[in-house]
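Asker: Protein chains in written order, with numbering that gives the first Met the number 0: chain F, 0 to 330; chain A, 0 to 330.
None of the hints are false.
As the list makes no split between identical chains, a pair holds if one copy fits it or if it spans any two.
Here are the simulated DMTMM-like cross-link-like pairs (lysine to aspartate or glutamate), alpha carbons at most 25 Å apart as the crow flies: (1) Lys235 with Asp294; (2) Lys234 with Glu201; (3) Lys111 with Glu89; (4) Lys111 with Asp85; (5) Lys235 with Asp200; (6) Lys327 with Asp124; (7) Lys33 with Glu218; (8) Lys45 with Asp101; (9) Lys327 with Glu23; (10) Lys270 with Asp124; (11) Lys45 with Asp22; (12) Lys327 with Asp22; (13) Lys29 with Glu89; (14) Lys327 with Asp294; (15) Lys45 with Asp85; (16) Lys173 with Asp200; (17) Lys45 with Glu89; (18) Lys33 with Asp22.
These aren't lab readings, by the way, just hints derived from the structure by calculation.
Protein chains: 2
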Amino acid sequence: MSDSRYDVVGIGSAIVDVLSRTDESWLADKGMVKGTMALIDSNRAKLLYTAMGVTTNMSGGSVANSMAGIASLGGKPAFIGKVGADQLGESFSHDIRAVGVDFYAGVKNSTKLPTAQCLILVTPDAQRTMNTFLGACTELGPADIDEEIIAAADVTYIEGYQWDTPQAKAAIRKACVAAKGAGRKVALSLSDPFVVDRHRDELLQLIFDYVDLLFGNEEEVFRLYRTNDFDTAVKKLRQSNTLACMTLGARGALVVDMMSTATVPAAPVSKVIDTTGAGDLFAAGFLYGYTNGRDLVRSAKIGGLAAAEIIGHMGARPEVSLRELLVKGGL
Amino acid sequence: MSDSRYDVVGIGSAIVDVLSRTDESWLADKGMVKGTMALIDSNRAKLLYTAMGVTTNMSGGSVANSMAGIASLGGKPAFIGKVGADQLGESFSHDIRAVGVDFYAGVKNSTKLPTAQCLILVTPDAQRTMNTFLGACTELGPADIDEEIIAAADVTYIEGYQWDTPQAKAAIRKACVAAKGAGRKVALSLSDPFVVDRHRDELLQLIFDYVDLLFGNEEEVFRLYRTNDFDTAVKKLRQSNTLACMTLGARGALVVDMMSTATVPAAPVSKVIDTTGAGDLFAAGFLYGYTNGRDLVRSAKIGGLAAAEIIGHMGARPEVSLRELLVKGGL
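For reference, chain F alone in the conformation it holds in the complex (with noise of 0.2 Å):
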C-alpha cells in the first residue's frame, strides 16, 4: 500500500443504472447502436423506459463503478460526482459509501434536477447498450474539485464522458492541474466510441498535456488514432508517452508502454451475464495493481479477474468481494 491518503480519486457522472433484458430488434426498433452510450434527454427517457420490460436497479457511473471495485479489492478510493436530492441520489450515495469509496457530492447542487440514470438494455449476447440521462451530472463543475483531495491520491482517474457537458471539461483540467503540480499520475478512460468520435481532438491535447495511463478498448483506441489496424494503434499507443492499456474482450488485454507490449489472457469465466461494466472494472483492478506496488502485468491480470466477476452477473457493481478472489487468485 501506498502511504497516501487514496490510492485513487476518480471524477465522474454518478448515475443509477436501470437495466432489462431485450433482443436485437428492439435495440433497432429504437434507433439504437449495440454497445455504444447514447445521450438522452428526459422526453426520451420517458419514452424508452414506458417501452422496457422489468428493470434491476443499481449504481453505476463508469469511474464510481471503478472506484467501487477499487474499494472491493481493498484499496483507497475517492470519488467525485454530483447526484440530486431524491431517492436514487440517496440510494447512488448509499452504495458507493457501503463499500468504502470516500464519496465527495461537491458544493450544493444550484437547481433541483433530478439524478442521473442510465437506461441499459442487455442483449442475449450478454452485450449492453446505454442511454444517459445526465441529469444532476451536468452540473459537476471546477467548484467541485477540491485540490487537497486531488493532491492526497497517487492518481485522478477520469472519463472521455466528461467531455460531453461543458462544465465539467473545465472540472477535469482543475483536477489535471492540480494532480501534475502535486506529483501526481492522471489516469484516463476513453469511455466510448462516439465519445473519441466527438471530441477526439481535445481528447488526444488532454492525453498529451496530462495522461499518464490510458483507459480504451480495441475499437475506442481505433477511433483515437483514425486507423483500423491493430499494429498501427499499438504503434500509435507506444508514441503517446503514456502507459495504456487496451481491453480486447474475450481475448483479454494488451499493456503498451514505450519499450514494451505485453499481452494478458481474460480471465475465465463460467458464464458471460452482462458485460456492463467490464470495462471499468478492468481499470479498477489494473489501477489497484499500480498504485499498490505489483508490475504491469500483475495489475492487468487484476483488471482481468475484476473484470471476470462483473460479466457473471447484471450490474456494474461487484457481487462479492474482489479481495477475496485477489488473494485466492494469488495475485
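Assemble chain A onto chain F, guided by the hints.
Answerer: Same frame as chain F, but now just chain A:
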C-alpha cells in the same frame, strides 16, 4: 386459457426490494431472525440501510412477485396495491406493468407516505432475511377494492402479510366476499412463520370462511396447526377443506386435497444464488396451471419450474421468459 378477463387478481403490498449480501454474524448483530420478515419503522429502516453493503433494487412484494410470474408464464394477472408518489413508486409501477400485469393502484393516497421498501439480506447459504418498511402500503383499504375486478378473475390471491395493517384486513374481507359472490376462488399465502404466529386465529377463521387454495412452507403450516409433526400437519391440511400446497424447499412441494396427497420434486437448479421469491414464484406457477387447465401435479411442477428460475439469481422477479421454460419443459 379460461374465458375470464383475469386468471388471478392479487392483492398485496407494493414493495421495492433493496437486496444486499451479508453473513450470519451481521444478521445476529442486528437482531434479525434468518429466513423471516420483520416489520420496521422508518428510523430502523435508515439505520439498517446505512449499515448495509452495496444494494440491488428490484420490484418485489410477495403477491406482486406472483402476479409478475403469472404474466411471465403467459397468464392473465392483475394486481391491486398502493405505492407512494416517488421514484420508487414509479419504478414499481413500471416493472409490474412492463411484464404484462394490469396494475390497479387503487384510490389516491390521502397522505404522503413513501413507497414501501424491503431491506433484504442474503446470506452465503442463499437464504433471505427481510425487513419491511410498509410506508404507502399501510393505506390499502376497502376503497381500493374494485369488486368488478375481483369478479373478473378466476382466483383472488391474498397474502397473510396483509394482516399486519388494520385497513388491509377489511379490504381483503371485502375482496373475499366479492369473489365468493361471483362464484370465484380465493387463494391465500401464509407468508411468514411470524405472521402466522401473530394472526393465527384470524387466519384459521379466514381459511374456514373463504379460502379454496392455501400456500405455505413447512414452518408456516406447522405454526398454523401448532405442531412439529409432518403427518399431523398434512392431516390438518386435509381436514381444512382447502386445496393446500406445502413447499418443502429443496425437497419440492406437497399438494394435499381431501382425497389424496402428491409429492412433486423440486426442479433442478445449477446454483442457488438467492431464495427471495421462491415461494411467490411457486404460487405463480401453481396458480397459472390451476387456472389454465393443468392438473394439480402438473400445476405444482410449473410452480417448481418458476421457483427454480428465481433462486438462480438475485431478486424475486423472473429474468427470463417463464413461458419459454414452460414450453421447453413440456408443461
